[in-house]
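**Student:** Residue strings, one per chain:
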Amino acid sequence: MLAALVAATVALGAKAAAPPKRVAPAATYPAGPGQAIAERACLFCHSPMLATQQAKDSTGWEKTLGQMEKWGAPVNGAEHDTLRQYLLARFGPRVPPAAAAPGTPAK
Amino acid sequence: MTRTSRRAFLAALARAGLGAATLASLPRWARAAAAAGAPAAAPAPPPSGADFIVRNDRPEHLETTLEALGRSWITRNDRFFVRSHLSVPSLAAADWRLALTGLVTTPLTLTLAELKALPQITAVHTLECAGNGRGLFQLPSTSGTQWERGAVGNAEWVGVRLSTLLARADAAAEAKHVWFEAADLAPVPGVPPFLRSIPIEKAKDDVLLAHTMNGEPLSERHGFPLRAIVPGWFGMASTKWLTGVRVENQPSDNHFMVRGYRYAYPGEDPATAPPVETLRVKSVITGPVDGSIVVVPRRTAKNKRPLLRVQGFAWAGPAGVRLVEISTDGGRAWRPAGFMGDTAPGAWRAWATEIEVTPPARVSVMARATANDGETQPPEARPNAGGYGNNSMHKVTVSVRAI
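Residue numbers (our numbering), protein chains in the order written: chain A, 1 to 107; chain L, 108 to 510.
Incorrect hints may have been included.
As the list claims (entries may be wrong) - Part of the chain A face toward chain L, derived, beta carbon under 8 Å:
1. P25
2. F44
3. S47
4. Q53
5. K56
6. T59
7. W71
These aren't lab readings, by the way, just hints derived from the structure by calculation.
Cβ atoms here follow ideal geometry from the backbone N, Cα and C, with glycine treated the same way.
Next comes chain A alone, as it looks inside the complex:
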């Protein structure tokens, strides 16, 4: 009887209900102004994948860079802005602020 319930499940490449825009994490930092800074300042502690899977707005990247610099990432003042622009341009917000769902208040 069990066999009559389900015969087979075939995985399909395409997703039915696509989640928000996803960017597969890259194993290298993409070319552009800021690549060399990212490699020098960030690769020491973590793989590029940690950064390249992110989707953040300007405030988000500013917070991240501030945190990393406080923890020892060697980035000077001019490099900071270049790096923030580089990350924001390539790994910017996944959804615009207006589209962010308010959702159910958590208890």
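Dock chain L against chain A, hints included.
**Tutor:** Just chain L now, kept in the frame of chain A:
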């Protein structure tokens, strides 16, 4: 670390012109590689293949696919999700010690053999990363690994009750919190060590210090030689590579307590937001897989009701899970699924049900769990800035065809 990114790392170091002093602080494999002038084999590369989604390869963030999760109540060690904050330490069992210090009458120092000589407990507990589901939150910014649904697993642990050690050390009356000190460190000294603390009531209840996972000694990536297991709490409480248990009168002020792991909503200061502690009630559909084609037997005189089997797991915090319900009309009508298989306190429950279908059809199935304390999964959890505790209901859509 994959071969590609290891090469990229070394190439980038060369481009950056890092000198010998810098190389001295690199991981062992990188030093060896630099000395040899060619990429060396990294120790224990991340397991790859169909069972894992590599979200990050250094430090390792490995997510189990739902197909792999769905195969058994116990999640096999080689497909159990991995989340490490800092570099994985290589600890030698012979040199390793656990120190129990702080507000105690008798501080303890124990070898692994001494720990194993104490009364041993075997228990099955589910671990879920607090960031599981972060990548599904609709927020412009969520900082951290973009997990979807597979940063969760269920294993059988063997170890010593923390309460046994606290009783032997005779924890003082003013003891209020237990700090878990660990051996993992970042490659640079400015990064705070990873440290979590839990209230003494929880520490004296059901917390295990485990050395064995599904019948095998803990692997390096899962915390060899000893890790905490804090049942019903999100995974970061279950500190890996444990070296110290410190009894204190207040919670730790470590970064990963005060800034990280807080339910702060956009614009709020994490330091004043509620901490991320116990698991939120949640269910996951492991089969059928979202977007798949499911083939069912054709409708015949004998087989009047083609059925689609739907199954998964459900879990909750210390209260435990009471009920799983299924909806096929977008959440208007719900009917209960059945629990099946094994059960243990602090472990998830397998559930399954069958839905009558009329192929060819497109079917959307939603699952929601309810805990014994009455909490029910929300349709959409409110997104917090850290992306923690996303227990939004899981929905899968499949094409059902007949053969």
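**Student:** Does each hint fit the structure? Answer for all of them.
**Tutor:** Against the structure, the hints:
Given the 8 Å rule on beta carbons, the hint for A:P25 holds: about 7 Å separates it from the nearest Cβ of chain L. About 6 Å separates the beta-carbon of A:F44 from the nearest beta-carbon of chain L, less than 8 Å, and the hint is met. About 4 Å separates the beta-carbon of A:S47 from the nearest beta-carbon of chain L, less than 8 Å, and the hint is met. Annotation: interface hint on A:Q53 holds; nearest CB of chain L at approximately 5 Å, less than 8 Å.
The restraint placing A:K56 at the interface with chain L holds, with a minimum CB-CB distance near 4 Å, inside the 8 Å limit. The interface hint given for A:T59 holds, since its Cβ lies 7 Å from the closest Cβ of chain L, which is under the 8 Å cut-off. For A:W71, the interface hint holds, since its Cβ comes within 8 Å of a Cβ in chain L; the closest pair sits about 4 Å apart.
The structure meets every hint from the earlier list without exception.
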